[in-house]
Amino acid sequence: MVTNMSSTVEYKAKDYKSDVHPDWCPGCGDFGIVNAIQQAMAELQLKPSDVMMYSGVGCSSKTPHYIKTYGVHTLHGRSLPFATGSKLANPNLKVVVAGGDGDGYGIGAGHFLNAGRRNVDLAYIVYNNEVYGLTKGQASPTLKLGAQPKSLPLPNPNDGINPLAIAISAGYTFVARSYAFDAKHLKATIKQAIEHKGMALVDVLQPCPTYNNLHTKDWFAEEVEINGAKYPRTYHLDAQGYDGKVHNPSDPQEIQAKKLQAIQKVQGNEPQVALGVFYQVELPDFIERVKPNIPLLQQYVSAKMPIEDPVTHVPTTDLTAAYAEVSTTAY
Amino acid sequence: MEITNQFSWMIGGPQGTGVDSSATLFIRACAVAGLNVYGKREYHSNIMGEHSYFQVRVSESPVHSHVDPIHLLATFDDETARIHAHEVVEGGYFFYDANVTKLENLDLAPGVKTLALPYSQILEEVAAETGQPVAKLQIMKNTIAVAASLAMCKFDIQYIEKALKGIFTGSKAKLVPLNMKVAEKAYAVIAQELIDAFPYRISAVPDAPARLILNGTTAAALGKLKAGCRFQSYYPITPASDESVYLEGHPEYGINVVQCEDEIAACCMAVGAALTGVRAATSSSGPGFGLKAEGLGWAGINEVPVVVYNYQRGGPSTGLPTRHEQGDLLYSLFIGHGEFPKIVIAPGDMSECFYDSFHAFNWADQYQTPVIVLCDKSLANNTNTVPTIDESGLRINRGRLVTDEKLAELAQQPDYKGQFARFAYSEDGVSERSLPGQEHGIFWNTGDEHDVWGHIAEDPEIRVPMHSKRMKKLLLAAKEIPQDLQYKLYGPENADMTIVVWGSTKGPVLDALPILQSDGISVNMLQIRLMSPFPTEAVSQILSRAKVKVGVEQNFTGQLARLVRMETGIKMDHMVVKYTGRPMSETEVVNALRDIAKKQTEKVVLTYGH
Chain A
6 MVTNMSSTVE YKAKDYKSDV HPDWCPGCGD FGIVNAIQQA MAELQLKPSD VMMYSGVGCS
66 SKTPHYIKTY GVHTLHGRSL PFATGSKLAN PNLKVVVAGG DGDGYGIGAG HFLNAGRRNV
126 DLAYIVYNNE VYGLTKGQAS PTLKLGAQPK SLPLPNPNDG INPLAIAISA GYTFVARSYA
186 FDAKHLKATI KQAIEHKGMA LVDVLQPCPT YNNLHTKDWF AEEVEINGAK YPRTYHLDAQ
246 GYDGKVHNPS DPQEIQAKKL QAIQKVQGNE PQVALGVFYQ VELPDFIERV KPNIPLLQQY
306 VSAKMPIEDP VTHVPTTDLT AAYAEVSTTA Y
Chain B
122 MEITNQFSWM IGGPQGTGVD SSATLFIRAC AVAGLNVYGK REYHSNIMGE HSYFQVRVSE
182 SPVHSHVDPI HLLATFDDET ARIHAHEVVE GGYFFYDANV TKLENLDLAP GVKTLALPYS
242 QILEEVAAET GQPVAKLQIM KNTIAVAASL AMCKFDIQYI EKALKGIFTG SKAKLVPLNM
302 KVAEKAYAVI AQELIDAFPY RISAVPDAPA RLILNGTTAA ALGKLKAGCR FQSYYPITPA
362 SDESVYLEGH PEYGINVVQC EDEIAACCMA VGAALTGVRA ATSSSGPGFG LKAEGLGWAG
422 INEVPVVVYN YQRGGPSTGL PTRHEQGDLL YSLFIGHGEF PKIVIAPGDM SECFYDSFHA
482 FNWADQYQTP VIVLCDKSLA NNTNTVPTID ESGLRINRGR LVTDEKLAEL AQQPDYKGQF
542 ARFAYSEDGV SERSLPGQEH GIFWNTGDEH DVWGHIAEDP EIRVPMHSKR MKKLLLAAKE
602 IPQDLQYKLY GPENADMTIV VWGSTKGPVL DALPILQSDG ISVNMLQIRL MSPFPTEAVS
662 QILSRAKVKV GVEQNFTGQL ARLVRMETGI KMDHMVVKYT GRPMSETEVV NALRDIAKKQ
722 TEKVVLTYGH
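In order, the protein sequences belong to chains A and B.
Under this note's numbering, the first residue of the first sequence carries the number 6, and numbering increases by one thereafter.
Under this note's numbering, the first residue of the second sequence carries the number 122, and numbering increases by one thereafter.
For the record, the hints were derived by calculation from the structure and aren't laboratory data.
There may be inaccurate statements among the hints.
Stated by the list, open to error - Within a straight-line C-alpha distance of at most 30 Å, the following computed DSSO-like cross-link-like pairs (lysine-lysine) qualify:
#	chain 1	residue 1	chain 2	residue 2
1	A	189	A	17
2	B	609	B	527
3	A	17	A	202
4	B	719	B	692
5	B	295	B	275
6	A	52	B	527
7	B	593	A	52
8	A	22	A	202
9	A	235	A	52
10	B	593	B	692
11	A	196	B	538
12	A	309	B	590
13	B	527	A	17
14	B	293	A	296
15	A	22	B	590
16	A	309	B	293
17	B	295	A	309
18	B	527	A	19
19	A	22	B	538
20	B	538	A	19
21	A	309	A	52
22	A	155	A	235
23	A	17	B	538
24	A	22	B	600
To be verified - From chain A, some residues computed to sit far from chain B (all C-beta separations above 10 Å):
#	residue
25	36
26	98
27	174
28	189
29	228
30	229
31	247
32	248
33	288
34	328
To be verified - With the Cβ distance kept under 10 Å, some of the chain B side facing chain A (calculated, not the full set):
#	residue
35	351
36	386
37	401
38	423
39	479
40	568
Glycine included, C-beta positions come from ideal geometry on N, C-alpha and C.
Please work from the sequences and hints to get the whole structure.
Now the structure itself:
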């Protein structure tokens, strides 16, 4: 019997499961997202020890503990700069970031925005449930003005932001939305985000069964009426022939047109909710941008750059030229 | 009577008109002539127009501070003249531009001679000879001021040319002959009778050893490069940015310098990079350093080796953003909520900025914890000639990194579960560390308390040994860090008066010691460099031998004095403090310590300087 080694499945979804059991509330959308991440990793056959799974702080930020890769549960709002440091220092690693909407769009908003400017090769999955779950349901930056889920003593006096529109204008090169209970779509979208070279955002609508009684699993499952006709609440962009991908990244006009199209599309078609990839373009990522200026990065990743003699531990950096710039005898 | 190679010079002018360039030329010219030089730079939080000045001290023997008396002040604007003219001492010279400054408005000391430099005339001559428009040559006023000053000291002009060749390299080399033309004209203006009426001479020192002309930010950057730092993240802030910009300007060493969206990102990015095994650092100053508190705590609980520089400046808040202070000692020791082991080292001169940078990365790796290097504006921006770096003893120690072979072996164990006990308890508190990408090395990090794998754990049974494990790394560091890096006693082993210094107050006190000793005062100086873990026993012993203990610091409250008392129970008998935002001079320190020796003044507050 001939075995085709290349088609051998080495890692199954269960290989990405850690021994730690999720402590989320029953019915939480987060379970589905973690499953989708594990399945996407299995389909991509990512070697677990080559993956860093990052997160911030909050319910969803416990994700890395449930996944058996290098897992880094960072500070509230700071997952992106931490993950950026790791990816830039060792681009051979696959770096995936998870976190909540409060974490990413609230306390981490500055990093969320600036990550777009750098286009580091990261996949950022935001569990968006419109509330701060772990602190008992306060309003998050995506909760609409006037909305009052049961956890709020008064209606929300702030308006909600559209994270996808921000991501597109900030320079993210992959911008998608999915839904926690649309398992197949979610897995496929996360997979695309991980495969995408550059800064990818997947905003995942995720019902919080404990605090958000407005946008529940049932609400997402409802049919909505538009001009007398019934439609499902959520629909897939690609099924409608939408193409968010820039096919010629060297054409600034196509980029501009696709960005405008995406920004219009992410505003929604209420009461329906669109799911899918709104915008995608392949452009040089951060390391590719800096490599021409730092020749050693063409040879090594920073984390593996030799700095010492392995036997004597004498530092190998030769500062002769730098000393000469400030020496009294070098003229 | 001629006074050779003990010279104090000042140049001032509006920011952005070349004051720094003039000082650089002056310093380099003297340094290449074999002299020791110390330069003090003062500037406003402004780019163009506000008053700035540079004070340069030249000496045949090593100097580590400036002195207050000015022997020659070169000006080309009226503001500098009005602010600084009174600082020129009898027998000194005052250079000015008669087009902008009227002598009758100035507060010149008796016996100060004046000379109106023909700036415009020289520039017009050069313009005519070279065909360049006069407007384009305005920056050359600096060269006129420098050359005329050095001509007064009978300084050999060939060293000006050598210095220019060092400053203008590559495509700028064509500026050397143009500047020399200007310098020669300035030399010609200084008639022999002017020189004869001026007692100060700068004379080349033959066979002087090679030295480096360093400021603290460059020294720190060089130390980082030598240590193998290949990742630095930063956010622009004065005076720390100079270091990052230097590193970014030297991409040939392979360092990736990332300018971040904020100080928090700069800290977190360095920590994230460090996790992968690269030696990583971030540099900031007071307000920016404060924003790194949470990231430092995370690095502490996750045992990540990261080096953080704090170039202190005048505080609180934005404070005196371009001025000097040592106000962050206690803050640096206590930064971050909760408890985690930090190593805090405070270099006292440009050489120590290099060596402490180098060692900081070893300590970060050996003790798997943040190392804070506490520098200050005076060290950062002032310039000093220092001995060439002695690299012979430098070795890199990456600490306890687990090998691939050992991980493969562990993976063969029957109880192997596909993960590595990164935070395994150990006798000395240090655990073996795997790096992401290493097979069989999987572990987790979390800002929460955690078990040996890095998973969240709140049980007291785990909390107590895990917290103890981290904290006891400080005991190991205290034992292993070489004594001469922890503290140093200068002068006699036993003395009546022991002066306790840290950071940049080392310079003026070191220079003051021989003067005080020649006064007949029995005195030595204890420099404390390692602030955490604190060398408690050694400091106690040294201070117990002294009859009188004097703390010299650039802050209001005497932060080192408080730390010494906290750690040893020993109280300083006297304090010399300064919080004007300007570094102490040797002159001030000598006067203050004489005052304390004679009159037992309890506290001297220094205020000299603009």
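Within 30 Å, alpha carbon to alpha carbon, are residue 593 of chain B and residue 692 of chain B? holds (28 Å)
Confirm or reject the statement that residue 36 of chain A sits farther than 10 Å, beta carbon to beta carbon, from all of chain B. holds (18 Å)
Checking hints one by one. Is residue 351 of chain B an interface residue toward chain A, by the C-beta closer than 10 Å rule? Residue 351 of chain B check passes; min Cβ-Cβ to chain A is 5 Å, inside 10 Å.
Does residue 609 of chain B pair with residue 527 of chain B here, judged by a C-alpha cut-off of 30 Å? It is violated: about 41 Å lies between the C-alpha atoms, which goes past 30 Å.
Assertion that residue 247 of chain A lies outside the chain B interface [Cβ separation over 10 Å]: Fine: 32 Å to the nearest Cβ keeps residue 247 of chain A off the interface.
When the nearest CB of chain A is found for residue 568 of chain B, is that gap smaller than 10 Å? OK, holds: residue 568 of chain B within 10 Å of chain A, min 6 Å.
Holds or violated: residue 295 of chain B and residue 275 of chain B, Cα atoms, limit 30 Å. At roughly 26 Å apart (the allowed maximum being 30 Å), residue 275 of chain B and residue 295 of chain B satisfy the hint.
Restraint status (C-alpha distance of residue 309 of chain A to residue 52 of chain A at most 30 Å): Satisfied, since the Cα-Cα distance of roughly 19 Å is no more than 30 Å.
Hinted pair residue 309 of chain A and residue 590 of chain B, Cα distance within 30 Å: With a Cα-Cα distance of about 29 Å, the restraint between residue 309 of chain A and residue 590 of chain B holds, given a limit of 30 Å.
Restraint check, 10 Å cut-off on beta carbons, for residue 386 of chain B near chain A: The hint holds - residue 386 of chain B has a Cβ within 10 Å of chain A, the shortest such distance being about 4 Å.
Keeping to a limit of 30 Å between CA atoms, is the pair of residue 293 of chain B and residue 296 of chain A held or broken? holds (27 Å)
Supplied contact hint for residue 479 of chain B, tested at 10 Å Cβ to chain A: holds (8 Å)
Checked against the numbered hints above, the structure violates hints 2, 7, 9, 16, 17, 24, 26, 34; every other hint is satisfied.
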